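2 protein chains.
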Amino acid sequence: MADIARLADHVGQAVTVRGWVHHLRSSGKIRFLVVRDGTGLVQGVLVKGQLPDGDFQEFDRLTLESSLILEGLVRAEPRAPGGFELTVTRLEPLQIPQDYPIAPKEHGVGFLMDHRHLWLRSPRQQAILRVRDEVFRACRDFFHGQGFVLVDTPILTPTACEGTTSLFETDYLDRGKAYLSQSGQLYLEAAAMALGRVYCFGPTFRAEKSKTRRHLTEFWMVEAEAAFFTLEDIMGLAEGLVSYVVQEVLAHRGQELKILERDISPLEAAVPPFPRISYGEALARLNEGGQEMAWGEDFGGDEETLISQAFDRPVMVHRYPRQCKAFYMEADAANPELALCVDMLAPEGYGEIIGGSQRVADLEVLLTRLAEHRLPREPLEWYLDLRRYGSVPHSGFGLGIERLVAWLCGLKHVREAIPFPRLLDRLYP
Amino acid sequence: MADIARLADHVGQAVTVRGWVHHLRSSGKIRFLVVRDGTGLVQGVLVKGQLPDGDFQEFDRLTLESSLILEGLVRAEPRAPGGFELTVTRLEPLQIPQDYPIAPKEHGVGFLMDHRHLWLRSPRQQAILRVRDEVFRACRDFFHGQGFVLVDTPILTPTACEGTTSLFETDYLDRGKAYLSQSGQLYLEAAAMALGRVYCFGPTFRAEKSKTRRHLTEFWMVEAEAAFFTLEDIMGLAEGLVSYVVQEVLAHRGQELKILERDISPLEAAVPPFPRISYGEALARLNEGGQEMAWGEDFGGDEETLISQAFDRPVMVHRYPRQCKAFYMEADAANPELALCVDMLAPEGYGEIIGGSQRVADLEVLLTRLAEHRLPREPLEWYLDLRRYGSVPHSGFGLGIERLVAWLCGLKHVREAIPFPRLLDRLYP
Numbered sequence: 001m002a003d004i005a006r007l008a009d010h011v012g013q014a015v016t017v018r019g020w021v022h023h024l025r026s027s028g029k030i031r032f033l034v035v036r037d038g039t040g041l042v043q044g045v046l047v048k049g050q051l052p053d054g055d056f057q058e059f060d061r062l063t064l065e066s067s068l069i070l071e072g073l074v075r076a077e078p079r080a081p082g083g084f085e086l087t088v089t090r091l092e093p094l095q096i097p098q099d100y101p102i103a104p105k106e107h108g109v110g111f112l113m114d115h116r117h118l119w120l121r122s123p124r125q126q127a128i129l130r131v132r133d134e135v136f137r138a139c140r141d142f143f144h145g146q147g148f149v150l151v152d153t154p155i156l157t158p159t160a161c162e163g164t165t166s167l168f169e170t171d172y173l174d175r176g177k178a179y180l181s182q183s184g185q186l187y188l189e190a191a192a193m194a195l196g197r198v199y200c201f202g203p204t205f206r207a208e209k210s211k212t213r214r215h216l217t218e219f220w221m222v223e224a225e226a227a228f229f230t231l232e233d234i235m236g237l238a239e240g241l242v243s244y245v246v247q248e249v250l251a252h253r254g255q256e257l258k259i260l261e262r263d264i265s266p267l268e269a270a271v272p273p274f275p276r277i278s279y280g281e282a283l284a285r286l287n288e289g290g291q292e293m294a295w296g297e298d299f300g301g302d303e304e305t306l307i308s309q310a311f312d313r314p315v316m317v318h319r320y321p322r323q324c325k326a327f328y329m330e331a332d333a334a335n336p337e338l339a340l341c342v343d344m345l346a347p348e349g350y351g352e353i354i355g356g357s358q359r360v361a362d363l364e365v366l367l368t369r370l371a372e373h374r375l376p377r378e379p380l381e382w383y384l385d386l387r388r389y390g391s392v393p394h395s396g397f398g399l400g401i402e403r404l405v406a407w408l409c410g411l412k413h414v415r416e417a418i419p420f421p422r423l424l425d426r427l428y429p
Numbered sequence: 001m002a003d004i005a006r007l008a009d010h011v012g013q014a015v016t017v018r019g020w021v022h023h024l025r026s027s028g029k030i031r032f033l034v035v036r037d038g039t040g041l042v043q044g045v046l047v048k049g050q051l052p053d054g055d056f057q058e059f060d061r062l063t064l065e066s067s068l069i070l071e072g073l074v075r076a077e078p079r080a081p082g083g084f085e086l087t088v089t090r091l092e093p094l095q096i097p098q099d100y101p102i103a104p105k106e107h108g109v110g111f112l113m114d115h116r117h118l119w120l121r122s123p124r125q126q127a128i129l130r131v132r133d134e135v136f137r138a139c140r141d142f143f144h145g146q147g148f149v150l151v152d153t154p155i156l157t158p159t160a161c162e163g164t165t166s167l168f169e170t171d172y173l174d175r176g177k178a179y180l181s182q183s184g185q186l187y188l189e190a191a192a193m194a195l196g197r198v199y200c201f202g203p204t205f206r207a208e209k210s211k212t213r214r215h216l217t218e219f220w221m222v223e224a225e226a227a228f229f230t231l232e233d234i235m236g237l238a239e240g241l242v243s244y245v246v247q248e249v250l251a252h253r254g255q256e257l258k259i260l261e262r263d264i265s266p267l268e269a270a271v272p273p274f275p276r277i278s279y280g281e282a283l284a285r286l287n288e289g290g291q292e293m294a295w296g297e298d299f300g301g302d303e304e305t306l307i308s309q310a311f312d313r314p315v316m317v318h319r320y321p322r323q324c325k326a327f328y329m330e331a332d333a334a335n336p337e338l339a340l341c342v343d344m345l346a347p348e349g350y351g352e353i354i355g356g357s358q359r360v361a362d363l364e365v366l367l368t369r370l371a372e373h374r375l376p377r378e379p380l381e382w383y384l385d386l387r388r389y390g391s392v393p394h395s396g397f398g399l400g401i402e403r404l405v406a407w408l409c410g411l412k413h414v415r416e417a418i419p420f421p422r423l424l425d426r427l428y429p
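Residue numbers (the working numbering), protein chains in the order written: chain G, 1 to 429; chain B, 1 to 429.
Keep in mind that the hints were calculated from the coordinates and are not lab data. Bear in mind the structure is a predicted one, so any value in this text is a computation, not a measurement. Watch out, some of these pointers could steer you wrong.
Computed list of chain G residues with no C-beta within reach of chain B, every gap over 10 Å [to be verified]: (1) Asp9; (2) Val109; (3) Arg197; (4) Ile277; (5) Gln323.
Restricting the straight-line Cα-Cα distance to at most 30 Å, the calculated cross-link-like pairs of lysine-lysine (DSS-like) are [unchecked claim]: (6) B:Lys211 - G:Lys177; (7) G:Lys325 - G:Lys211; (8) G:Lys209 - B:Lys177; (9) G:Lys412 - G:Lys325; (10) B:Lys209 - G:Lys177; (11) G:Lys209 - G:Lys412; (12) B:Lys29 - B:Lys105; (13) B:Lys177 - G:Lys177; (14) G:Lys211 - B:Lys211.
Just so you know, even glycine gets a beta-carbon here, dropped at the ideal spot from N, CA and C.
Based on the sequences and whatever the hints tell you, model everything.
Structure (structure tokens):
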């Protein structure tokens with residue numbers, strides 16, 4: 001049994017290939033069928049007399065996505081996709097579908113999403129999934145190389161500490177309500193006090209009613225947290241992570257980027273140093289560009305696109321006004337109205353891919369913040385403990401995987417960046 | 001700034017170490033403090049005159065888990081934990097806790113679980129988390145090496161296809177109910193038809209009211225699915241995975257296993273081939289051993305322990321009666337009352353760590369099974385499509401991470417095998 005991707009190892013040999021019919025064609029007395037097995041595509045050539053007559057006739061019954069077993073001789077064929085051809089000596093259909101719903105023509109997105117379980121078989125979707133796999137690998141390798149320990153944070157959490165409107169809730173046995181986590185950060189802070197440098201990598205949830213090309217209700221995040229790291233440290237780490245991931249994808253997924261017709265020059269440009277500008281500077285640029293905005297407001301997707309367009313690589317915008325950011329961000333000693341935080345914006349209008357900050361280290365400051373944000377203290381007592389028992393300066397960030405994959409692959413919408421997307425109006429299949 | 005784990009690179013040099021007080025001791029005019037920074041432990045020695053008097057006096061204010069910055073000279077000291085000592089030249093406390101709740105004495109489990117966010121700092125819990133991190137790495141490396149592509153399956157799913165009693169449910173925006181996934185298998189089957197060999201790795205959920213040492217309501221699974229794999233293939237894959245993970249943990253986490261006082265001989269024995277016995281043979285062994293059980297019943301924890309005790313390494317029990325297994329399992333052609341399935345039981349009474357099977361490939365058979373199990377067909381139409389459009393024989397399995405970690409670490413209860421456990425009676429912190 002041979003993987004199609006490995007046929008180079010079998011030139012001149014007889015092999016067995018198993019897979020699905022990707023394409024069928026007749027030309028005179030010769031029959032061609034392109035087979036995919038998940039590792040690649042190969043063209044099989046059927047010439048009467050070179051395989052049993054019965055097998056040759058089976059060709060006429062085949063349809064798109066028929067499953068089959070082929071035996072044949074591997075020939076190098078530079079003109080063939082993949083570089084090899086199979087002179088077929090045996091053909092055994094396994095199951096022959098009627099009316100495979102996805103024809104090689106244009107379908108609407110709704111139709112394709114309804115058939116996501118089959119749509120995944122298309123070369124484009126396969127390529128995206130392989131890029132995604134590489135992104136996961138690269139993130140893990142990067143953090144491992146930097147001495148970070150994986151600490152999985154819980155999905156089921158007892159508190160709706162930032163309000164319930166955008167949280168999925170469930171009954172937790174006989175113990176009241178539980179909420180699906182929007183971020184592992186608070187738990188990761190506890191783990192950073194134990195292990196120094198930690199990260200988590202899992203699904204997160206937002207029951208937001210936003211219907212944009214950048215939003216999913218269920219998406220994956222990799223989040224890092226490190227004791228004694230400052231905002232500067234975390235910016236360096238974020239820059240290192242993103243440039244490493246891009247590099248690994250370019251190195252190992254060139255074939256997939258080609259299938260996706262991705263212009264790779266914006267990816268090749270993503271090498272350190274990434275530009276760093278303050279919120280104030282970003283705001284001035286927006287206002288100069290005619291996009292009027294008052295100091296204190298957070299940027300939306302349009303502003304992010306405008307800001308990022310001035311740069312050829314991801315840009316880090318730091319020190320936003322505290323008033324538009326979360327309660328746990330440390331104030332900038334040089335200007336306490338600013339938070340020691342950073343957003344990384346992807347180029348080409350892909351928006352925020354990373355959000356991070358230095359966290360409040362002092363118990364009294366944190367208590368004041370909870371009061372200002374009208375957040376309940378009692379469910380966060382354990383989090384407050386981290387400031388009671390050996391508090392240290394620490395920082396962290398979260399990277400949204402689907403937005404990064406969308407940028408790397410050049411996708412118009414994040415829904416293609418995850419195998420089975422969950423959207424405002426979609427929970428099936 | 002130096003990691004304690006890296007002090008070997010700095011012998012004879014001045015370094016800065018940042019961390020938390022793990023232990024304090026005075027002996028005459030000398031003060032000792034053991035500091036941890038998440039990477040390791042080092043003893044600092046304070047001798048009056050070798051550091052500023054003010055810094056020396058700060059020692060008396062220190063308590064357990066005080067955070068601090070130390071400067072000092074690194075000396076090799078074979079008797080010291082870690083092999084090095086620091087002759088302290090500067091001591092700067094950052095925050096000094098009052099009454100750290102976890103004293104170096106015995107606490108009840110309830111108390112420790114209430115303080116899980118602090119308990120993680122103990123050497124034992126750190127060691128477990130590092131073993132867990134290694135297990136994740138090894139699983140991913142293994143599957144990548146075998147040509148499997150990571151395909152994340154959704155957590156929010158539209159169907160309660162095996163009954164709602166053990167499912168967490170939530171309102172999905174305006175689209176009715178959604179359920180938290182118990183397994184990614186069905187989705188992974190779709191992905192296997194696209195990419196051939198796939199795996200997923202994420203949290204899964206069971207709202208079971210079982211209070212045993214083997215159950216969590218939220219736990220992590222790695223699941224694999226491969227087109228054209230038979231039961232035999234999947235048994236070989238499962239054996240390869242588990243032996244690889246054990247080997248990697250032994251190779252890279254020996255220090256942690258020592259902290260856990262783990263007898264590693266049962267781990268060293270876990271090399272292929274793992275014994276394979278049929279359900280029938282296992283049942284006969286139980287009955288011979290006086291544990292009466294009728295043919296057709298599934299094994300519980302007690303039976304699993306008894307069966308596994310006869311072997312020095314994980315044992316694979318295959319071909320259970322179909323009547324006690326799930327609807328999607330292929331029947332054994334040699335005896336259609338049996339399912340082509342396998343459970344892997346860990347040694348030393350740790351129970352089932354893997355469950356897998358060959359899946360039903362034929363549409364009509366699957367429809368019959370759904371009817372037999374009184375399962376609704378409509379929400380599974382997409383799954384049935386996999387049998388309509390190029391169905392192939394395929395197989396897969398799921399490995400429960402916390403049970404594997406519990407076995408590797410020799411833990412009495414799975415609750416210590418996950419950073420923030422969710423149990424029948426526990427959702428905090």
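Okay, the hints, checked on the actual structure:
no.: 1; hint: Asp9; verdict: holds, 13 Å
no.: 2; hint: Val109; verdict: holds, 17 Å
no.: 3; hint: Arg197; verdict: violated, 7 Å
no.: 4; hint: Ile277; verdict: holds, 27 Å
no.: 5; hint: Gln323; verdict: holds, 27 Å
no.: 6; hint: B:Lys211 - G:Lys177; verdict: holds, 20 Å
no.: 7; hint: G:Lys325 - G:Lys211; verdict: holds, 22 Å
no.: 8; hint: G:Lys209 - B:Lys177; verdict: holds, 16 Å
no.: 9; hint: G:Lys412 - G:Lys325; verdict: holds, 28 Å
no.: 10; hint: B:Lys209 - G:Lys177; verdict: holds, 16 Å
no.: 11; hint: G:Lys209 - G:Lys412; verdict: holds, 20 Å
no.: 12; hint: B:Lys29 - B:Lys105; verdict: holds, 27 Å
no.: 13; hint: B:Lys177 - G:Lys177; verdict: holds, 16 Å
no.: 14; hint: G:Lys211 - B:Lys211; verdict: violated, 41 Å
Violated hints, listed in ascending order, are 3, 14; each of the other numbered hints is respected by the structure.
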